[in-house]
Structure formats: structure tokens, C-alpha cells
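Undergrad: One-letter residues, chain by chain:
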Amino acid sequence: MIYDIVHLTRYTYNGPVVVNDCVLRLRPRSEPGQLVLAFRVEAQPTPRDWGEHSDAFANRVARMRIETPHREMSIKSISRVEIARAAPPLAALTPAWETVAAEAVDTQSLAPDSPAFALYPSRLVSLFPAAAAYARESFTDRRPIYEAAVELTKRIYKDFAFDSKATEVTTSPAQAFEARRGVCQDFAHVMIAGLRGLGLPALYVSGYIRTIPPPGKARLQGADASHAWVAVWCGPAYGWLGLDPTNAIPEGDDHIVVARGRDYADVPPVEGVVLSYGGHELDVEVDVIPVVGKT
Amino acid sequence: MPVTVRTSSASAKAEAQVAQWTAGYAPLPGIPDEFIGPDGTRRAHWTRLLTQLAADPAAVAERFAAADRRVRNRGMSYRVRGETAERVWPLSRLPLLIPAAEWRKIEQGVIQRAELIEKVLADVYGEGKLIAEGALPAAALTGTADFVAAMRGVKPPGGRWLRVYAADIGRGPDGDWWVLGDRAQAPSGSGYALENRLVVSQAFPDLYSQMNVERVAPFFRDLRAGMKSGGERSEPRICILTPGPYSETYFEHAYLARYLGFLLVEGSDLVVGEGRRVYLRTIAGLKRADVLWRQVDSEWIDPIELNSASKLGVPGLLDAMRAGGVEVENAPGAGFIESRAMLAFLPRLAKRLIGRELEMPNIATWWCGQPGARARVLDKFDNIAIASAFGDSARGLEKRRVAVGSELGEAERATLKAAIAARGLDYVGQEVVRLSTMPRWEDGMLVPRPFVLRVYVAATPEGWKVMPGGFARVSDKPDARAVSMGQGVESADVWVLADKPVVTSSLLPNPERTHIARLLGNLPSRAADNLFWFGRYLERCEATLRLVRALSSRALDPEAPVTGAKEAAEALKGLLVAWGAIDAKEKSPRPAETALREPDNYGSALSIANAANFAASVIRERLTQQTWALIGRLRSDLLALPEDALTDAQILDCIDEQLTTIAALSGLFDENFNRGAGWRFYELGRRIERGINTCRISRQFAHQKATESDLDVLLDLIDSQITYHSRTLIGVALAPVRDMALLDPYNPRSVAFQTRRIEEHIATLPVLRQDGIPEEPLRLATRLSAELDTEVADRLEDASVLGIENRLTQLAEAIARRYFLHGASARAEKIMSLG
Chain A
1 MIYDIVHLTR
11 YTYNGPVVVN
21 DCVLRLRPRS
31 EPGQLVLAFR
41 VEAQPTPRDW
51 GEHSDAFANR
61 VARMRIETPH
71 REMSIKSISR
81 VEIARAAPPL
91 AALTPAWETV
101 AAEAVDTQSL
111 APDSPAFALY
121 PSRLVSLFPA
131 AAAYARESFT
141 DRRPIYEAAV
151 ELTKRIYKDF
161 AFDSKATEVT
171 TSPAQAFEAR
181 RGVCQDFAHV
191 MIAGLRGLGL
201 PALYVSGYIR
211 TIPPPGKARL
221 QGADASHAWV
231 AVWCGPAYGW
241 LGLDPTNAIP
251 EGDDHIVVAR
261 GRDYADVPPV
271 EGVVLSYGGH
281 ELDVEVDVIP
291 VVGKT
Chain B
1 MPVTVRTSSA
11 SAKAEAQVAQ
21 WTAGYAPLPG
31 IPDEFIGPDG
41 TRRAHWTRLL
51 TQLAADPAAV
61 AERFAAADRR
71 VRNRGMSYRV
81 RGETAERVWP
91 LSRLPLLIPA
101 AEWRKIEQGV
111 IQRAELIEKV
121 LADVYGEGKL
131 IAEGALPAAA
141 LTGTADFVAA
151 MRGVKPPGGR
161 WLRVYAADIG
171 RGPDGDWWVL
181 GDRAQAPSGS
191 GYALENRLVV
201 SQAFPDLYSQ
211 MNVERVAPFF
221 RDLRAGMKSG
231 GERSEPRICI
241 LTPGPYSETY
251 FEHAYLARYL
261 GFLLVEGSDL
271 VVGEGRRVYL
281 RTIAGLKRAD
291 VLWRQVDSEW
301 IDPIELNSAS
311 KLGVPGLLDA
321 MRAGGVEVEN
331 APGAGFIESR
341 AMLAFLPRLA
351 KRLIGRELEM
361 PNIATWWCGQ
371 PGARARVLDK
381 FDNIAIASAF
391 GDSARGLEKR
401 RVAVGSELGE
411 AERATLKAAI
421 AARGLDYVGQ
431 EVVRLSTMPR
441 WEDGMLVPRP
451 FVLRVYVAAT
461 PEGWKVMPGG
471 FARVSDKPDA
481 RAVSMGQGVE
491 SADVWVLADK
501 PVVTSSLLPN
511 PERTHIARLL
521 GNLPSRAADN
531 LFWFGRYLER
541 CEATLRLVRA
551 LSSRALDPEA
561 PVTGAKEAAE
571 ALKGLLVAWG
581 AIDAKEKSPR
591 PAETALREPD
601 NYGSALSIAN
611 AANFAASVIR
621 ERLTQQTWAL
631 IGRLRSDLLA
641 LPEDALTDAQ
651 ILDCIDEQLT
661 TIAALSGLFD
671 ENFNRGAGWR
681 FYELGRRIER
691 GINTCRISRQ
701 FAHQKATESD
711 LDVLLDLIDS
721 QITYHSRTLI
731 GVALAPVRDM
741 ALLDPYNPRS
751 VAFQTRRIEE
761 HIATLPVLRQ
771 DGIPEEPLRL
781 ATRLSAELDT
791 EVADRLEDAS
801 VLGIENRLTQ
811 LAEAIARRYF
821 LHGASARAEK
831 IMSLG
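Protein chains in written order, with our numbering: chain A, 1 to 295; chain B, 1 to 835.
This is chain B alone, in the form it adopts within the complex (with noise of 0.2 Å):
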């Protein structure tokens, strides 16, 4: 029959395909391998997924290739410690596989440790029958800052330490899985994790189904729920603290936020307020925020209480928690069940506190402060690993986080012999590692190469819920004793497989519980701050763009108007002195060029761009992907343009695409973004910039004594040469010039129409009191636009522009005293309702 032969051939193809991917394939010596089993045979599941990768091995390429798309696209990225510039996230080719029978037995030994470490968390900062009792030396706790002394006598609102804790596992030589570290003070990966799964399930729809994957979307809405029981109201604030957008892992912060509608903040939103309460700055006032997932490292979040350094946390946050105003996940203080230390006594603690041995084992570990560990440790030196016991390093280890005796010279080990010996205390000594290999796809073939994967469990009213999947990392060198995210090293989707078709479910909660919202809650002061700067940024950009090109094609054009030609240039060259994007005192020989890209004059467009970016960066979980991609184009088109000088021609090219790039994001900001307050507050910044620098251009080039030429540029400038042709058949005269510039509340380009606007999109705006009585922004806003009404263009002095151009200023600063961080706090003790 045709159909069979056609299979057979077909799958005789594919088994040839996948031949050839794992031609020399063979598992490490000595190290357990997901792919070939110890007794040599490729294990069921994964020939299963390569086979049906290999069904279509055009297509294959094709997948591989929209799935890094789809990873650009979503602006999936991270950044390595120290570098200002996000990395592209480095997704691999292959998930890995776990059988769910196996998973099973996982889930099992993390939750277990995970109950383990709660036990001890509430007993260190609680009872503190442990160290009373020698079972855990209190100076094998103080080593790191991690440990909070201050959260001692503490109870936690919800009445739990832990509410994410995760297990980095690897398998070890006789291929059980081994705890490798735990991860309790803000475990990472979860969301790149979900969105791994996201871009390869996409890339991969088929796959994906056959496979039976179990779905990750379950663990989020039980982490949520979780969350949420940890309020005192039935309907908490549940916030993201984020140390920003310089964070390793604020991409991530972003988009847990925007996936479980979590509130991102930052230390600087927050304050403690009445009843010691924690209060979100929002431009209707304080509002309560009742659970706080911290990302911020325990030491830096209050700085009243712990590092007063700390600009990241809230001052009172402690005290706050004491009085039970406010729930922090994970508890400060948590984190110090992360340091190597404590892998030496949580083994033992487990008998103590569960009355059981751990399903799963972590490496064996010997803290070094104790006589009798340090002396099995310096007695079996050559063949143990040495770490710092708290930090990344310690003296002798400056070069590498972790030694073995038998590979370090005479010299190295003299000096780490002798640090362990002196203070011991700061050391662990621990079995050598060798993480068990996955395959990896490298260029067209399959490697063997080293993972850790990362388990995630979370408390929830239902007892404590894992993530199936997680975050594995896979090393890009055979042998890697740690792999953590840097050069190289690519993140794996992890597929649990179930034995039958997955029920899938998604984030939609029960229709009976969903109520109806248009609007999001209360805008955060700092986002509104940072869209109404990235307004005034985006438009100060466009201005700046007119300048120069108006500087460039009056350099290129033979037919400009001759009289005053010259000058115009000059006073343009003048204009971009004052906006900072000349330098007034070094001629520069191609002042348009400077203008355009010189990164050390805080008004070039580059600069400007720059600034447009960090404002967007800090509100991105407010912005789609494609807005986001738009706005790095702005600062990616100017810097690759060719180093050498730009001809005018390159230079007018080059604006001509930065505008049209201004075009489509306001345009993306019009018809998509959600007429909310934040939106409000970047139109008011876009507005009072286009009516500052209106005024300021038309003093420069609509002065009494303006020549014809100056009034083109105006014209130019404000982008309404076809609208004054249409309508003065005379040729360029002043007052009507003027009227267009300042007063004709028509053009979208004037003053008026700015005013306008402001007025309405404050008067829109929440208010502190309901006693009728407007606010100062509106006040003057009000005002202003009154006054514009009712003007007349050729009775205007100069000084009544420049008058103008000061209330707007003024406005601005309304605006900010009002809404923005200072503002709110200002007023907090006099906002009358609270919550």
C-alpha cells in the first residue's frame, strides 16, 4: 500500500537524520547522561523527540530560526554583572527531558527541603532552640549579610519565612538527582523560565503537543494565590520590589509582573506611612501596597535598620513588618540559607526537624570552622573542592571559586592551606562536583554537555506547589563544575513529560470570580514621572531632529531665500548651543553632525535618545514589545551610523528615518496605548515640550525684527510650511506666521493647541480632596490657556512669548510637585483618606 511505503521510507529518512545529528555522540566517561543511559541505550523519550524533529529536518532550521526571533522580538534579555548593556537571552536549541515518573521523585525531595528550610528559618529567627542547643553554630550564620540579626523575634505576617525557594539539582555519578545550592532569597530564573517555555512551545506547536508536556501556567496561578493569602485584605496590592532597571534581572521582574498583574516597584515608590503601613506614591495619593515580592537583597532593604547606603529599599520597611503592616516574600533574612555553610548541617538538621533523612541528598559538605571538619578537610586536601564557605571568593580562592587541592601549584596550595588554617571559618570543603551532561546543539550536531537545573517550589493555601520544568543551564564546555548564566552558557526549556495527553490551562481564572476593570488602579508617581519625562524626551528629540535638519538643507539648498540665509544658519547654530547640543565653546566644523551624535553634549539627539530609553526602560512592563523595540531604534539607527564625517546628504537621511521612527511611536502611543492616566502623563510631557520649545523657536525666529527667511525656518521647524501656504497666498509676514506658531488653537503644532490639551488631560486626572477647589497644575493651566484664547497676534510683545515660556516651565513643575515622588511625599500627611 502507497501510504505505508511512503511512512516507511519516511521514518527510515528520519532515522537516518537523526543518525547523523548524533553521530559521535558518547556520554563524558564516568558521567551520567540524559540522552544515553548507563547501559549504553538511548533512552526512549528523547529519541522520540528527535525523531519527530527529524520528520521535517528543513523545517527544523526554519524553528530554530523563529524561535530566536521570537526572542529578540519579546526583548528577552539579561545582563552580566557590571556591564551596562543587556545581553540577548541565549536560548537552546533542545529542552530537556523528564519522564514524569521521575519528576515525581524530585518534586518530592524539594518540597521536603523546602519544608526543612522554613523549619529552620522560623527557628533561627524565632525560638532559636538550634544554636541554644549546639545543633547549628550561630557563627556559621554570621558570615554572610544575608543573615539579619534585626528580623530575630520577628513573625511574619503571613506566619511564613519562605514563599519561593528553589533547588539547583544536578545528577550525580551513580544518577540520582543531588541539591547542588538553594536558592532562598530571591530565586531568579522563574519567569525566563515561562518564557522559555513560551518561545519553544511556539516555535515548536507540534512537538509540543505530541510530547505531552506538562504545562508551567498552573505553578504561576498557584504561586499568585499564594501571594495574595499573604495579604490582610481580601484583595491585596500585590507588588514586585526591583532594585530597577540596572538589575541582572529586571527583564525578568517586568515580565513576572506584567504575566501575573503584580505591580513593579521600586524602594523610592514605597513609604511607611500610617499605622506603619506600607504605602505605594501614586498620583492619587498613598495607597496601600500589602505584599511585597522582594528582589532586592535583604541587607539593602531598609536602610534605617540594615545598610544605610541603600537606595534600593524603604526606609521603616522592617518596623513596618513588625507591626504587621505589610507581607515580604521571602522574609529578609532568608537568604542565608543559600551560603555553602549550611549544606554542612541541613542533612543533619533534617532528622532533628523532619524526623527523616532527606529524599534528596546535597553534596557533602564541611564547614571549615569546626576543628574536626577542617581537619578532614586539610588532611583529604587534594581530592576535595574548596569554596568560600559565605561569598564568592576567599583568600586563596581569588582566582577561582572553587579549588581542588590536586590541581592548585605548590605555591597555591601552601597559601590556601595556610588561610584555611588561620581562619578556617571562612572555608567549605565539598565533594568534587561533575555535573551530568544533555545533549546540545552544536552547529547541526548534538554534544554531550553540563547542565544544572533549577526546581522551583512555591507556599500556597494548598501546601507547597513545584513548577514542572524549571531553568536548567546548559554549559558550552565539556567539563564545567559551575554554570551560571555568562558567556556561553545557553537556558533550556525543561519538558516534564506525562505519559498521556496534558489537560492545559491557562492564567484565566473562573469566570464566576472575574470582575470587569477599564482602568488599572492608581498610577505609581515614579511611572508617571518617568512617561510624562519620556514624553517631554521624545519630543525635545523630534525638536532637535528639526533643528539640525533645518541647520543641514539650508547647506544644501541653492534656492533658499538669499537675504538672511546666513543668519538663519547662525541662529540655528545658536539655538542648538542653548539646547546643549553644540558646544558653545569649541567650533566644532560640523556643527550638525555634533548636534546629531556628539554623546557628550547632553543635547545632541544621541543624548537625548539615550535619555528617552533609560525613562521607557524603567515603566517597560507598561510598554508592548513593539513600542520598546521602537524606542531602542532611536538610539541604535544614530549609533550605527558610519563613523567617518557624514555628508549632509547621510545626515538629512538619517533624520528623515529618526523622524519617521517619532511618527510611529506616537503613533503606537495613539491608537494603542490605553487612554489611562499614564497615558495622560506622557501626552503632557510631549505637550509642555513642543510648548517650550514652540516659544523658544519663535522668539529666536518670529522676533519683531524677523526677516523672511528666519519665519521659514520657523515654519519649517514647526512643520506647518503647507498649512500657511494654503492659507496666505502673500508670502511670509509675521503676525499671521505668529498666529499659526502661537495662537491658532487649529494647528496641532501651535501653543494654543498645546494648552488646550494640558487642560484637558488634567482636568481628567485623580484629585487629593473632593472640595471642588482645583489644583495648582490645573490652576495654571487653566489660566494660560485662557489667556492664549484671547490673544491677539499682532499686538504680541517679544516678552509675552518669553512669558508664556516661563508659565509652562512653571506648569511643569506644578505638574511634578503635585504628582511625581516629591510631591506625594510632600503631601502625605495630608491626604485624607488613606488605602
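For reference, chain A alone in the conformation it holds in the complex (with noise of 0.2 Å):
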């Protein structure tokens, strides 16, 4: 499946911005199962300074610094990006749970793709032991880790309500876990809290989800939006396996995978540190476009 996707990001401030420093999260992510096959962004007014770095977690991290004074600024990423995923692995054969707990805490590595990253409390999700014990419903003793964390997935959706009135980007997971309702970063910070109580590496993943519109209507442009899931850590075999809790579903030919973090703090598509007075507005616009005639 070949995607273009076209994300826009305007600031609009209240003072006079001087100077702004900003942080781009937006280059899809290059590896086994996803391809970026062209990647451009467009920024006004134009930056003086650009560059790119991965970061500890091999996300591909653009800064840019603007000096022109400024009180609008827009940022236009338009990505090709081709998915082929592999199958989900079969779930009874992935290891017990109790076992990656072990190896994550034991991992002799550092690299981007460690565990020992997933382990603890962050900046957002801290741990809170309601959602440990929710988690452990699904984990029995002995369970494959994949398919208990399939199960929460499943119970995540069917226990939890979408509301996006219910919660703010600063809801922390308790308070979301509590009110049983949120959008989807909610539920991945939720899950995450679940599965770290539980000793278990967990990640936020943060990207695109194709959308299907109803039979018979075209795609509304700029209707779709960011999307956030999780990635759980099965074991040195398996790796990384993303779950998506807000639809019951795996990451799949669907899912773009932009970024993977601790949790949102760690991967928003777009921040920026700016000299200025007063605050300032955000709108945000995302087209997932399916390139017809490639598969």
C-alpha cells in the first residue's frame, strides 16, 4: 500500500515572534515494513538554519530556526510512504510475559530499539497501580505476552469510551483511566501505564491511520489527524509489536508510523521554543491519501 500524506501545522501568536526554535517530528520512519519513498517540508516564513538527527529512540528529528519577525508560521510535511507489514506473529507462540520481563530488565543494550527505555515512568505516564491491576486481568500467570496484550487491547476499546470533549493534551492517564474515556492518546498512555506496571516495556507510537470513509462518500480532505498507539516489547524474537487501542486492531497496512517515544512528550510532530509575549493558536489539517493504482 503507497500513501501520501499531507500534514499541515499553522501557529498563529498573539505578539510578535522574534525567535523561533522548533522541533519537527514528521518524516515518517524508514524500517521493516514501511518505506519512505519522498519526504519534503515546506515551512514559511523560511528558516535560516536546518537540520536533521535521530534520537535515542532513531525517530528522524528535523530542527529549524526561524529570525525573521513573525506572528504566523505554517509547516508542511508531505510524506510517500509505502507499508507492507508482515503478519502479526501467532500469540500463543510468542514467550510467557513474566519471561520479556525478565529479559527487558536483563537487555545488554542501549540501542534505539532497547527496552531498557520502555521500563519506567515518564514525563506523562506515570505509574499508578489501578492501571496495573487492569492490565494484569489480561496477563495471567504464564500467558504469551502477545496474546494477553492483544486481550488488553480488545478490553481498552470495549471499556473505554472515544470522547474527544473528555480530555486535554495534559490529561494525565489516571485521570483518563478514572473517567473510562478519551481519544487516542489516552487509551495508548492508558495501556502503556498498564503494561510498565507490570514490569513490561511499552511505547508510544505516534502517526497516521488511514481512514475509510462511508460507502458511497468521497474522503473528506483534511478530515483525518494524528493517530497514537502502542508498541510492546514480545521478547529479543519478536521485538517491537504495535497495537492500536482506540480501534481493537494490530498496526497494520493501515498504520504510519512517524515516531516512537516514552509517550507524547516525547514525539510531537511539532514544538517550537519561541521569544515572544502572549500565547498563540493552533490548527492542524492531515490527509491520508491512498496513491490509487499501487498496491
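Some hints could be false.
What the hints assert, rightly or not - DMTMM-like mimics (lysine to aspartate or glutamate), calculated; alpha carbons at most 25 Å apart, straight line: (1) B:Lys287 - A:Asp49; (2) B:Lys399 - B:Glu412; (3) B:Lys311 - A:Glu271.
Keep in mind the hints are simulated off the structure, nothing from the lab.
Take the two lone chains and join them into the complex the hints point to.
TA: Structure, rendered in C-alpha cells:
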């Protein structure tokens, strides 16, 4: 499957901005199952400085600095990505979750895919007993990890209501858990808190998902959005496997992975450090367009 | 012989005194004590100290009081996390004494440990053999944000990860010293140690020299040399990067900056620029910052690569480090070594990395992330101390930082055991530590109290150097497992006692290498900004006080001009409302009192005094203690007023006092402040504010229809009654009053006088380009000044006074654009020469 993705971010600042240091996590990852064929960013005003580096999780991060005084900034990224993921593993064959937890603590790696980075509470995901207890219901003794994790994904889908008014970016996983509602970010954070509470490595995945328009209707432009789900480490043989609690499905050919991190705070698509007074307004449009004729 | 008789009787008296002080002094059972040895005898060096103190017992109280006074006068303070007010530094009466022979062993142990930690850091962030070969579990590092994955593969420009390391040590049950914790992030306390030394040595000069105390100044000289060697240039600009005045140890940062001659900077002072080097924003453009002594935790130092919520850091700093454009001490990421989990591995790593056992062991520690260690800890649960492996708290440890199994209730035990079984990686077990004790002075008696000693090591071109002395924290309770600065804990000076008199040295450099510099480099933009605003607030405070005084005194004075008196009072209130000192909506029954001390009104004298205090606190290292104390009085005097409604007389007394304080401050700035750019900005702030205020007051009280009473108020407000009446005999009239307030270049209160000074000040400031074209602030100031020179009072329109006021406001904005943070950064790309 090949997608064209257009992601437009527009900031309107209440005061003049003199210096704008920005970090962009917009380039989809190139990794097994996912290949970036083309990628381009257009920024207004024109940045003076531009650089790209890999962060601790091997995400490609671009930075730029705008030094032209401005009150508006727009960043448009266009990517063409080819997705051809391997099928999920046979759940029953994956190792017992307790074994995975022990292997994670024993890991002798600090490489970007090391489970060691995904074990502890992070800036937005603190561990709370209720989440661990909730997860534990699926993680019965010696149960294969992927089997248990898929069940947890389905339970979150069933038990939690999708409600874009219930939470904000700053809502803690504990609050979302208490309310049993939220958006993809909240579901991902709750699931991560539950898994880490059991000593299992879990990461936050930010990216896009293709939306299928209702039968007979055309796809609405700009109607898509950034999406978030979870990656669970299933031992050295299986590595990181993606699970989407918002849709109760495994990461598949409708998902495009942009970045992985400990939680949302590690992977916002655009963040900036500005020298300015006052606040700003933000406007985001995302289009995920399947490229017809190529599969 | 009479002399002998006197001496022996004196010494008998001294002995009696010591006996009285130490009556009942007994070490706690099973715990080593500094004063009384394991065999029950008093240690000779302590006896010597006490006997010499006892020689003149009457003087002791006096000396203690002198030390207290010195602590207050020097403004020594610290902050407890979560509190905004600073606390006065609690300095213990008695120093901790350690004989030189024993100290040399401590030195060796601490240097060896610093060497080990340097090697661990270099491997973890470099080759990675310890992790790859299983000597150190990756998960034992990643539990703390102080492990910075982004630093892997970075070669610190100076080639080392540690510049300053500190070890918290205590005496174990066998009497030997043990390491309780490592400090490698940004070890605090060395500045306090230095301050403690200054205060104690000055309070007890004789004792200090008789006891042969080793000096700490050479350590700071070595530290400075070490920092200097880290820079690329031969005369590097060294900056202390502080989180700012709300930091717990800001006093120390400011103090060390002043003592070592480093610049105190905040993240917003710095910018990564040309060649991925780090530059300081100064009023003369961007200047290279070569070395940063980091007092900001790693996680916060670069919002681009690390925590993006940070306002304390420098965007792109890590990238600049990779490019070799700046030296950061200690390297970001060094702090993970502080976590308790590391104590479990350092002893084993010693054998591998330095081929020897540690000379000074650390308390035995087991990281419960490993199954064997976890089993052992759960097995010995009752007799082991459980603590968080990485932070201050973990599940089951919410109420206490350290728990010993046997001291927990059933429910707590079960919770903690289950938590360790579920997520052992969050916990360590440690052998139970009981700190050894030293004498603490309490109500004229000595009592044994637990203490922790922090020892500092610096990497210098001549190898590791240890500060002979350190920072001791003494608890106020007999049983303390952890001693951190907070309620009841005192800090003690630490005396390393040499066998023979000590050669004195200070930070004075070798005469061949000194050169005379009259001005101190380039003023950082933020300092200029704060000095400017300090000047403005001080002037605004004065203007507000004069307005309130005019209001109150008119209420009191039965002989005030009858015609228009009521109207004048209303006009004064109106101004105070416009000023933000009185709330327009609420009709305050006592407007003068409200304008004086209502904290919720941003224009009240109290609010302005607070703002002046804050502006000054940010540039504290540039102010003398006396200045700082006077600035503090501006607000403390207002806060000290009785809570009940104030009488007009009380208000007037208070205002007179406040005005005297401001006059004293003005005097200090005029007489003592170096005439560098800093003083110019303070002056600019005052002059601009005074010009604007005088315009506002003139518009209110010297408009075309002003009454005699109005003009009288104006003369009061601009403090020109005497001058006016000595010059003009006909009584108050509009034109001469206006001339005096606005145009008279000889009257230091007139607007024209202010604009001339402003023009002079700006003309002395550095320019960005050498093309001879005046910059915007100078252009505006020159034009305004020339216009006021040629204006005539009786032809002045009301509107033109407003015009002058607006142009002063524009001038202030132009100054901000050109010299302060925004201006400096906006112009970064236009600057011709960098460096």
C-alpha cells in the first residue's frame, strides 16, 4: 500500500515572534514494513537554520530556526510511504510475559530499540496501581505476551468511550482511566501505564491512520488526524509489536508510523521554543491519501 | 611566680568551663562519635578547641552573635523546594574537626572514586563495553532522566565528563569512613562551604590560626584553572549556568560567580549561533561563551533534544557540544551516577576499571531489578533499608524516603513487598546506616548529633584536587538516617587540622600574570534589562510614595490652600488609579493606605517594591550586600507595618522612611557603583521613568486651567518647593512651574534634565557597527533633548506634554529592542564581528 500524507500545521501567535526554534517529528520512520519513498517540508517564514538528527529512539528529528519576525508560522510536510507489514505473530507462540519482563531488565543494549528505555514512568505516564491491576486481568500467569496484550487492547476498546471533549493534551492517564473515556492519546497512555506497571516495556507510537469513508461517500479532505497507539516489546525474538487500542486492531497496513517514544511528550510532531509575549493558536490538517493504482 | 599562678588558675577555669559544656555528653550506643573515641577518651584536637574557646567564655556568646550577624549581613540564604521566601543560612556553632593524617586517607578514597566514575561515564557514553558485556545492566541507568541517551557518542570537548565531583560520606560502625552517595550532576554546597569558612574564621580569628586549619582557597584556584583548561581559547569566558533566583541554591551560584570571577547566566542569556558555538547576548552583540558550569539538571538544558518544556536551557546546546563549540561541566548525563542503583555496581566496576578494590567503600546496596538481589532483599526484609532506586519516592515509600522492614506495619509491609515483587527495578535494598555523631551546640551545652560530610574533588590540569574541608550537615535530632538541609539541620564548617602552621594563600594571582582591567567585559543583555527595570521600579516607587504623601499630608494640613484643595485631592486619587495603586472600581475608604500596601494592586508601593526586589535578585551578584539589604528594606518595612488601619501620621512616617531608604540607595549607586554599562542602564531606567512620571504629573497638575493648589501639589511631587520659592517671589504661576518641571536643565527633577542625561548615557554605550551612524536609541534621545532645549514654557501646549511623554515611552522601547534579550537575538544575524 502506498500513501501520500499531507500534514499542515499553522501557528498564529498573539505577539510578534522574534526567534522561533522548532523541532519537527514529521518524517515517517523507515524500518521493516515501512519505506519512505519521498519526504519534503515547506515552512513559512523561511527558516535560517535547518538540520536533522536521530533521537534516542531513532526517530528522524528536524530542527529549524526562524529569525524573521513573524506572527504566523506554517509547516507543511508531504510524505509518500510504502507500507507492507508482516502479519502479526501467532500469539500462542510468543513467550510468557514474565519471561519478557525478566529479559527486558537483563537487556545488554542501549540501542534505540532497547527495551530498557520503555520500562519506567515517563513525563506524561506515571505508574498507578489501578492501571497495573486492570492490565493484570489479561496477563494471567505465564500467558503468552502477545495474546495477553491483544486482549488488553480489546478490553480498552470495549471499556473506554471515545470522547474528544473529555480530555486535553494535559490529561493524565490516571484521570483518563478514572473517567474511562478519552482519545487515542489517552488510550495509548493508559495501556502503557498498565504494561509498565507489570514490568513490561511499552512505547508510545505517533503516526497516521487511513480513514475509510462511509460507503458511497468521497473521502473528506483534511478530515484525517494524527493518530497514536502502542508498541509492546515481546522479547528479543519478536521485538516491538504495534497494537492500536483505539481501534482494537494490531498495527497494520492502514497505520503509518512517524515516531516512537516513551509517551506523547517525546514525540509531538511540531514543537517550538519562541521568544515572544502572549500565547498562540494552533490549527492542524492531515490528509492520508491512498495512491490509487499502486498497491 | 605570679604569671604561672595566673595561667594555671585560668586553665583550671577553662577546664571547668569545658566540663560544664560537656557534662552529660555521651556517644549514642554503638555509634562512633567525633569527640569521644571508641575507648571512651576525649579526642585531643576537640579538647584543644574547647579549651581555647573556654579561655574566654564571656567572649564566646559575643563571637557566636558576630557569626550570626555576618551570616545575615552577607545575605547568606537558601530556599526549600516549593517555598518562595529564602531562609537564613543555619550555621553551626562548632566546626567539624578532622586531623590531617585522617584527611589524607579520605582524600585518596574520594579521588579514587572520582577516577572510577569518570571511567564509568566515559564507557557508558562511549564504547559501551560495560553494558554490552553485562557488567552494568542497561535498565539500571534508564530509570533516571539524568541518563541522557542523546549524549552517547558525544566526545566532551575537554575530554572529560566530570569536572567537579562530590561524595557524601559518613563514619561507619567500625569507625571507618563510608560513601553514602555520589554527587556528579552539579554538586552543590561548595560555595556554602566557602561562606561558612569566611564567617567562622572571621568570628574566631585566633582559634582559627592556633588550630592550624588548612585553607580552602587553593582548591578554588585549582578549580578555576580546571574550568579554564576546558576552554578552546586561552582566555575562555566561563559562565555559571543557573536555573535562576527561584533555584534552591541561587545564593550559592551568585556567590561562586562573584568569588571566582565567572559570569552568572541563565539559559535565556545564551544562544547557539555561528559555527554551532554558544554565545552570550550582551549589549555589544553576541560574545562567545566558552565554558558553562552547569547548575541546571541535564534534562532541562536543551529544549530541542531533551525536555522541550524547559525554559531553563539553551536550544541546540547538545548539538553545539557535539560540534565542540562549548564545554559544559559536568557533561550532561553525568548525573545518573547519583542514583542508588549505581551503588550496587560501582564496587564491582572498580575491580574491572581500575584493577583495585575501593579504598573507601560505599554502603552495601542491592538493586532489586536483578532476581538474585531481589530475592536477597525480600529474604532479609526486616533488617534492610528499602529506598527508591532512582528518585525520592516509589510505591510503598510515599511517606518515607527509606523504610526498614521491621519498622513497618502489616499493611505497609505487604504493599511494599508486593511492589518490589512486581517492579523490583524501582527499588534498592541497603544495609541500614546509622550516621556517626559530632558535637552540636545547643543552649550552652554540647550534644552528639548525626552528620553527613560532603567532600569535593575537582579535575585540574595537575590532576584531581580535593577541597581540604567541605560541607557538613548536622541534624538536630539524635537519630537521623538522612540529613538534608531543611528545618532543624545546621551546616558546619569543616576544619582539616595540620600538624604545623599553614601557609596562607588566597585567590590573588601571580603578579606577572595580572593585567589591569577597569571595566568588566561586556554586560549581558539580561543584566542590562534587569538593571534598567530596577532603576525604573525604584523611581516609580519614589513617585508613588510622593503621590501618597501628597494625598495624606493634604488630609492633615489645615492650612493647605483652600481653593481647589478638594479637587487636587481628587486629582491625586485619579493619578493613583491610573498608576494601578488604587482600584478604580472599589471605592477605598483609605486610598492612601491602599496605594501604599495593597499587594493585589500592581501599582501599590508594595507591589513596586516587590518588582524592584525581583529585578535586583536576578542581578544579585552585581550588588553589594549593603545595597541588597536596603532593597530588601523597601518591602520589609511595608510588610512590617501594623495590620490595623493606619493613621495618616503613620503613613507619613512610613513614607518618609521609605524615601530615605530610596535616597540611600541612590547614594550607594552614585557613590559605589562602577561607572560601567551596568550603572548606565540603571540610570537610564531611573531617568526615563522620572521623565515619564513628571510628564504625567504635569499633565494632571500643570495644564492650562491648573489652579494654584494644583501647581502647589506639582511642586511637592517633583520635590521643588524650595527651589521654586527661592527663585520666584510672586507665588505659584503656570509658566514658571512648567519651566521648572519640564524645561529647566538645571533642575535635576525636570524632564529636560532627564533627557540630557539619557542622551549622555546612551552615547557611552557600545555600538554594533563602526560606521558612525547613530543607532535608534541615540537618535531618539538626541532629538528629544534638542527639542526640549529650544522649547519655551509659556508657549507650551497641553498636547505637547503628552507628546514628550509618548516619545520617552518610545525611547524606552527602542532601548529594549536594541540592548535587551529580544533586541540582541533579533540582530544576531546582522552582527559583523563575532567573538
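Undergrad: All hints are to be evaluated individually against the structure, with a verdict given for each.
TA: So, going through the hints one by one against the coordinates:
1. B:Lys287 - A:Asp49: holds (20 Å)
2. B:Lys399 - B:Glu412: Judged against 25 Å, a Cα distance of about 10 Å means the pair holds.
3. B:Lys311 - A:Glu271: holds (13 Å)
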